[in-house]
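**Q** Here's the letter readout for the chains.
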Amino acid sequence: MFRTWRQKITLTDILVWVIGLSIAAVVIWGTISTLQSGKYSAESWFDLVVKGLALGGVYALIAMGYTLVYGILRMINFAHSEVFMSGPFTAVFLANALNNSGFLNRYPLLGILAVAVLSMAVSMSVAVLVERVAYRPLRNAPRLVPLITAIGASFFLQYTFRGFYGSGFEAYPTIEALNGAWQLGTVRLFKTQVVVILAAIVMMFMLYAIVMWSKLGKAMRAVSEDKEAAALMGIDVDGIIVFTFALGGAAAGAGGVLYILQFPVVHFYMGFIPGLKAFTSAVLGGIGNVPGAFLGAMVLGLLESVGPNLFLDGLGIPVASQLKDAIAFIILVFILIFRPSGILGERLTQTKV
Amino acid sequence: MQNKYTDWKQALRSGLLGGVIVVVLSLIGIVAAFINTYVIHDVISLGELLILGPVMALSLTAIRKATNKQPGFLLLTAAISGLASGLVILALAGLGQVINLRAMFLNASPDLYAIYAYQQAPIPGLLLRLLVCVIVSLLTAGFTLLPARIKTALGQGLLYIVVIGLMGRLITMMLSNWGFVAILFQWMFAANSLSLIGAIVLFLLTAGLAYWRYGRPKVKRITDPKKQKVVRWGTLAGLGVILIFLPNILGLWFSEILDNVGLFILMGLGLNIVVGFAGLLDLGYVAFYAIGAYTIGVLTSPELGFFNWTFWQAFPVALLMAFISGLLLGLPILKMRGDYLAIVTLGFGEIIRILVLSDWLKPWLGGTQGIQRIQRPVIGIEGVWTRTLTSQQDLYYLILAGIIVVAFVAIRLRDSRLGRTWMALREDEDVAVAMGINHVATKLTAFAMGALFSGIGGTLFAAKIGSIYPSSFQFLVSINILSLIIVGGMGSIPGVFVGALALIGLPELLREFAEYRYLFYGAALVAMMLTKPEGLWPEARHRLELHEEATPPPEAEAEPATENA
Amino acid sequence: MDNILVSTKVTKRFGGLEALSKVDLEVRRGAIQSIIGPNGAGKTTFFNCVTGFYTPEEGEIIFNGHNITGMSPDRVTHRGISRTYQNIRLFKNMTAIENILVGMHPHLKSWLIGAIVRDPRTVREEAEALKEAYRLLEYVGLKGRGDMLAKNLPYGEQRRLEIARALASRPQLLLLDEPTAGMNPSETQAMVHFIQRLRDELGITILIIEHQMRVVMSISEKITVLDFGRKIAEGTAKEIQTNPTVIEAYLGRGAASGLGEATAQG
Numbered sequence: 321m322f323r324t325w326r327q328k329i330t331l332t333d334i335l336v337w338v339i340g341l342s343i344a345a346v347v348i349w350g351t352i353s354t355l356q357s358g359k360y361s362a363e364s365w366f367d368l369v370v371k372g373l374a375l376g377g378v379y380a381l382i383a384m385g386y387t388l389v390y391g392i393l394r395m396i397n398f399a400h401s402e403v404f405m406s407g408p409f410t411a412v413f414l415a416n417a418l419n420n421s422g423f424l425n426r427y428p429l430l431g432i433l434a435v436a437v438l439s440m441a442v443s444m445s446v447a448v449l450v451e452r453v454a455y456r457p458l459r460n461a462p463r464l465v466p467l468i469t470a471i472g473a474s475f476f477l478q479y480t481f482r483g484f485y486g487s488g489f490e491a492y493p494t495i496e497a498l499n500g501a502w503q504l505g506t507v508r509l510f511k512t513q514v515v516v517i518l519a520a521i522v523m524m525f526m527l528y529a530i531v532m533w534s535k536l537g538k539a540m541r542a543v544s545e546d547k548e549a550a551a552l553m554g555i556d557v558d559g560i561i562v563f564t565f566a567l568g569g570a571a572a573g574a575g576g577v578l579y580i581l582q583f584p585v586v587h588f589y590m591g592f593i594p595g596l597k598a599f600t601s602a603v604l605g606g607i608g609n610v611p612g613a614f615l616g617a618m619v620l621g622l623l624e625s626v627g628p629n630l631f632l633d634g635l636g637i638p639v640a641s642q643l644k645d646a647i648a649f650i651i652l653v654f655i656l657i658f659r660p661s662g663i664l665g666e667r668l669t670q671t672k673v
Numbered sequence: 002m003q004n005k006y007t008d009w010k011q012a013l014r015s016g017l018l019g020g021v022i023v024v025v026l027s028l029i030g031i032v033a034a035f036i037n038t039y040v041i042h043d044v045i046s047l048g049e050l051l052i053l054g055p056v057m058a059l060s061l062t063a064i065r066k067a068t069n070k071q072p073g074f075l076l077l078t079a080a081i082s083g084l085a086s087g088l089v090i091l092a093l094a095g096l097g098q099v100i101n102l103r104a105m106f107l108n109a110s111p112d113l114y115a116i117y118a119y120q121q122a123p124i125p126g127l128l129l130r131l132l133v134c135v136i137v138s139l140l141t142a143g144f145t146l147l148p149a150r151i152k153t154a155l156g157q158g159l160l161y162i163v164v165i166g167l168m169g170r171l172i173t174m175m176l177s178n179w180g181f182v183a184i185l186f187q188w189m190f191a192a193n194s195l196s197l198i199g200a201i202v203l204f205l206l207t208a209g210l211a212y213w214r215y216g217r218p219k220v221k222r223i224t225d226p227k228k229q230k231v232v233r234w235g236t237l238a239g240l241g242v243i244l245i246f247l248p249n250i251l252g253l254w255f256s257e258i259l260d261n262v263g264l265f266i267l268m269g270l271g272l273n274i275v276v277g278f279a280g281l282l283d284l285g286y287v288a289f290y291a292i293g294a295y296t297i298g299v300l301t302s303p304e305l306g307f308f309n310w311t312f313w314q315a316f317p318v319a320l321l322m323a324f325i326s327g328l329l330l331g332l333p334i335l336k337m338r339g340d341y342l343a344i345v346t347l348g349f350g351e352i353i354r355i356l357v358l359s360d361w362l363k364p365w366l367g368g369t370q371g372i373q374r375i376q377r378p379v380i381g382i383e384g385v386w387t388r389t390l391t392s393q394q395d396l397y398y399l400i401l402a403g404i405i406v407v408a409f410v411a412i413r414l415r416d417s418r419l420g421r422t423w424m425a426l427r428e429d430e431d432v433a434v435a436m437g438i439n440h441v442a443t444k445l446t447a448f449a450m451g452a453l454f455s456g457i458g459g460t461l462f463a464a465k466i467g468s469i470y471p472s473s474f475q476f477l478v479s480i481n482i483l484s485l486i487i488v489g490g491m492g493s494i495p496g497v498f499v500g501a502l503a504l505i506g507l508p509e510l511l512r513e514f515a516e517y518r519y520l521f522y523g524a525a526l527v528a529m530m531l532t533k534p535e536g537l538w539p540e541a542r543h544r545l546e547l548h549e550e551a552t553p554p555p556e557a558e559a560e561p562a563t564e565n566a
Numbered sequence: 062m063d064n065i066l067v068s069t070k071v072t073k074r075f076g077g078l079e080a081l082s083k084v085d086l087e088v089r090r091g092a093i094q095s096i097i098g099p100n101g102a103g104k105t106t107f108f109n110c111v112t113g114f115y116t117p118e119e120g121e122i123i124f125n126g127h128n129i130t131g132m133s134p135d136r137v138t139h140r141g142i143s144r145t146y147q148n149i150r151l152f153k154n155m156t157a158i159e160n161i162l163v164g165m166h167p168h169l170k171s172w173l174i175g176a177i178v179r180d181p182r183t184v185r186e187e188a189e190a191l192k193e194a195y196r197l198l199e200y201v202g203l204k205g206r207g208d209m210l211a212k213n214l215p216y217g218e219q220r221r222l223e224i225a226r227a228l229a230s231r232p233q234l235l236l237l238d239e240p241t242a243g244m245n246p247s248e249t250q251a252m253v254h255f256i257q258r259l260r261d262e263l264g265i266t267i268l269i270i271e272h273q274m275r276v277v278m279s280i281s282e283k284i285t286v287l288d289f290g291r292k293i294a295e296g297t298a299k300e301i302q303t304n305p306t307v308i309e310a311y312l313g314r315g316a317a318s319g320l321g322e323a324t325a326q327g
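Protein sequence lines correspond, in order, to chains A, B and C.
Under this note's numbering, the residue at position 94 of the first sequence is numbered 414, and the numbers go up by one with no gaps.
Under this note's numbering, the residue at position 90 of the second sequence is numbered 91, and the numbers go up by one with no gaps.
Under this note's numbering, the residue at position 229 of the third sequence is numbered 290, and the numbers go up by one with no gaps.
Possibly wrong hints are sitting among the right ones.
[Stated by the list, open to error] With a cut-off of at most 25 Å between alpha-carbon atoms, the simulated DSS-like pairs for lysine-lysine come out as follows: (1) C:192 with B:533; (2) B:66 with B:533; (3) C:192 with B:336; (4) B:533 with C:212; (5) B:336 with C:170; (6) C:170 with C:192; (7) B:152 with B:70; (8) B:152 with B:66; (9) B:10 with A:644; (10) C:283 with C:299; (11) A:359 with A:644; (12) A:371 with A:511; (13) A:535 with A:547; (14) B:533 with B:152; (15) B:70 with B:10.
[Claimed, not checked] Ranges of calculated distance between the beta carbons of each label pair, as one might list FRET restraints: (16) B:398 with C:215: 13 to 23 Å; (17) C:188 with A:658: 42 to 52 Å; (18) A:538 with C:173: 49 to 59 Å; (19) B:365 with A:420: 27 to 37 Å; (20) B:122 with A:420: 32 to 42 Å.
Keep in mind the hints are simulated off the structure, nothing from the lab.
Here a beta-carbon is modelled for each residue, glycine too, at the ideal position from N, C-alpha and C.
Just chain A, with the same shape it has in the complex:
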């Protein structure tokens, strides 16, 4: 057995392990020195954790679009970040109108609900439109081709919305009911973050229920297993694919509303980074896997908010939060190297020959 082990090991593996271990060492060292310095109190760590979870909730909802579409078509829907952008960027006008009429502060719940419905509807329509125009005609094309159309569609959507609403920033109104925090002993909970986390959990559960237990969800899983067999069983494959895009789009639109509750400014380029993060979450959790996307998103959100302070501050790196995205991507790279199937993904059996 030792012999086979030696034959399998290559220079690559050694190098990967060396890099991996040295990064782990840096992280551990940074963590220890940060904790020793005592610069942050337990309360501020708690703040960061809650912030991370709220961020994770947004990523989770966007990640659904990637994960569902990947599961069914085995393609990265690169335009999904624009699907995400379109919802809140459109709904900002409704929010402002509601705010000006005073409706939003009188009935905050109804107001937010209206904004969310519009945002979800727009994102959903954009997702379905992209599928119809850019992906459906290419169902049987080589893999690279739909990826390129996705990039093209992504540009087109960005600049279409830029043309529609302008290249500037649009601000969402503040909702008074969600301002401030609850004080629980020494820790405080920001109302927005609590609302975002709860809403994300509820919505993720609803999505999970749809995928696992509804008739359409079952058909969806059948199609993702085997398109031809599903078609033979009388499932309308095209219809199911449209449904998948619609579901992912609606989730992204909802995620958009949770996003603007935390960062109340929208513009045409806002989709790129959250989209990339959401994709990272989907991969992190195991792409094609709904609970995995949720878990991956939460992990990523936490790493992003806690990571810079915890890992890097102790090393004396100035403004460590600038590097939060770098942390996210480094984690992505290493997850893909050491566990390509993600946290919850099944390990694929060796390549079939």
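With chain A fixed as given, assemble chains B and C onto it according to the hints.
**A** For chains B and C alone, coordinates are given in the frame of chain A:
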């Protein structure tokens, strides 16, 4: 009976879609933006074309899809389609009068409605618009009913008018460099576009030529290998002469564009090895470009004052850095396949950009302020004759030299055992490995060569700009390079040149479109993939010229080439 | 007893499923041997274990006296084992001659520098390789097809090209995975003769997976029968035909007609 009914529904649907497209284009703002960009001066503008184009295109679709092909019926179909489109446009204008759409859509302005109404009072103006929509649709229908020869001639003539008309500004600008030649053509152009007379003459010429050429055999291909060789070398020599004098012919402004195109060709050739030959989708290619540029910056800039090397001292170090980082990134990730590789490389590109931007590395890399006063390359021998390459024209030659070297290497690699190995991996990785190919080493070579070429691009970029900022190394650059390869034709070396000219050169030339560059870009990518996914200049399956005559293929002649299928 | 390939107690599991369990197999140098068995018996899995695509959980595979268990596929090929695939897997968008040239990979040396500089050695090597490739093309009866894309060749020719590609690495042991699948009787007959020629003229040892009993019975010196990942019988064609376990394994799946037909003709 039912057939007729569905035809009408189809016509209506096409028409509505056409109208929606016009409305969307209007709301994006490009109709109003180009209403004064004339194709023919004071006759028809690009903005007007953007309104009429979709209307005509969709009535054409309606005609194509109609099951009843009687001429009268087709005219009716087109009219319905045109009417529907016109009504949608009118609906936007009407809605705009009632409520203030501008609170949401920036471009739903009175200007737009005035354009719809041909600057007339709303009621008669909009009715005129409706009439025009129907008329152009009818004309479209009429056009399809013409005999093929006239159709071709008309189509060619109109195409030339639109293309030359849009290029009017460029052509007049180029002409201004040439003195007396300009006078010969002056009458054809008016205020950056074609004059009416110019348009008519151009149309008669091109349409006439197309009519005359229709159905005639094309110029015979030269089959004699000796003559072929002469022709080939002749073309190359001619091309060489043109390339040498190009900056002088075109002037400073064009040289700048040429330099940009050249840099993208350089990097395109490198990425083509990675994506086109070896089939590894690399979305973080810009990282190596940044590494090349920043190495030059750090080593030569007196502002940072670490090394103060000259450009040529730093050059090999920069290449080495790019090459090594290609190897280092490649080693762990090349076991991944397809989409995962794409995402990881993308992540890597972003990591590099974030690091460069960060305050942490600011003392070394300059952070957001970038690196200024990078040493320009100096050529010649110290004490005899030296020249510092600073102008765009000087750098053109440097970039040209770079392209020649890189293209040569790329061609050699393609036609070698290594090139075959890459292709085999691209086609079927498992089988390639079973053929005894070490896939990690092979992919790594491709990856590192790509990184090296990108690094060359980066060094030349630093030399050209003289100061570098993190904003020059965005994800968009990677996408630009990838797109130009795909538009040119994956794996095709001439395709890289064509792609770079089309995607980098054209938008730079058409500066009026700068604002909408990425809009067109995105639309073009999608359209390209839907209609011609193999690219503008697809890779010809290269024959192994060495032994073409070694075995005269008797059977292959009997069954003529299915080769390019 | 000169065995070129010896596998002892090779076991391969996928999750809970044992695709191969304790398979012992010996291939005599210079022989044509076969592995038969119903669908899912683990035949192709065995090939994949030998060629390094899979690493068996237990057992050893010895080739020419060297332990090749768990070696990566490219190294196994360098040692002298080459294979074809059940569903033809050519490099479809490369020409026939390029396919063969890729097969020659282990015997060529030029790499990056050679490719760019084209030194005399590289040029000579490439010229010789090309000549050899055309010779192989002719040998498998595809003369004149060199410049055609592999995907444009008719089915039977694709099979031959795949064998030519496998031969290009100059193997000592050739593994053929259902070489006659999808062929009509006369094509099958031609393929059988061709396989025999390979052994007789080139001295290559050949191990075949086959479904068509007729083929197996007519050319194999020794036949190994797998069922559910286990070796259930081994011996000459005669012995296999009369082996009650084998008959049961096939009868149990209603495939008796195949065996009966083969017996009648064998």
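**Q** Look at each hint and say if it fits the structure.
**A** Hints and how they fare:
{"no.": "1", "hint": "C:192 with B:533", "in the structure": "37 Å, violated"}
{"no.": "2", "hint": "B:66 with B:533", "in the structure": "22 Å, holds"}
{"no.": "3", "hint": "C:192 with B:336", "in the structure": "34 Å, violated"}
{"no.": "4", "hint": "B:533 with C:212", "in the structure": "21 Å, holds"}
{"no.": "5", "hint": "B:336 with C:170", "in the structure": "24 Å, holds"}
{"no.": "6", "hint": "C:170 with C:192", "in the structure": "16 Å, holds"}
{"no.": "7", "hint": "B:152 with B:70", "in the structure": "18 Å, holds"}
{"no.": "8", "hint": "B:152 with B:66", "in the structure": "19 Å, holds"}
{"no.": "9", "hint": "B:10 with A:644", "in the structure": "55 Å, violated"}
{"no.": "10", "hint": "C:283 with C:299", "in the structure": "10 Å, holds"}
{"no.": "11", "hint": "A:359 with A:644", "in the structure": "19 Å, holds"}
{"no.": "12", "hint": "A:371 with A:511", "in the structure": "11 Å, holds"}
{"no.": "13", "hint": "A:535 with A:547", "in the structure": "16 Å, holds"}
{"no.": "14", "hint": "B:533 with B:152", "in the structure": "23 Å, holds"}
{"no.": "15", "hint": "B:70 with B:10", "in the structure": "16 Å, holds"}
{"no.": "16", "hint": "B:398 with C:215: 13 to 23 Å", "in the structure": "53 Å, violated"}
{"no.": "17", "hint": "C:188 with A:658: 42 to 52 Å", "in the structure": "46 Å, holds"}
{"no.": "18", "hint": "A:538 with C:173: 49 to 59 Å", "in the structure": "53 Å, holds"}
{"no.": "19", "hint": "B:365 with A:420: 27 to 37 Å", "in the structure": "50 Å, violated"}
{"no.": "20", "hint": "B:122 with A:420: 32 to 42 Å", "in the structure": "33 Å, holds"}
Checked against the numbered hints given earlier, the structure breaks hints 1, 3, 9, 16 and 19 and satisfies all the rest.
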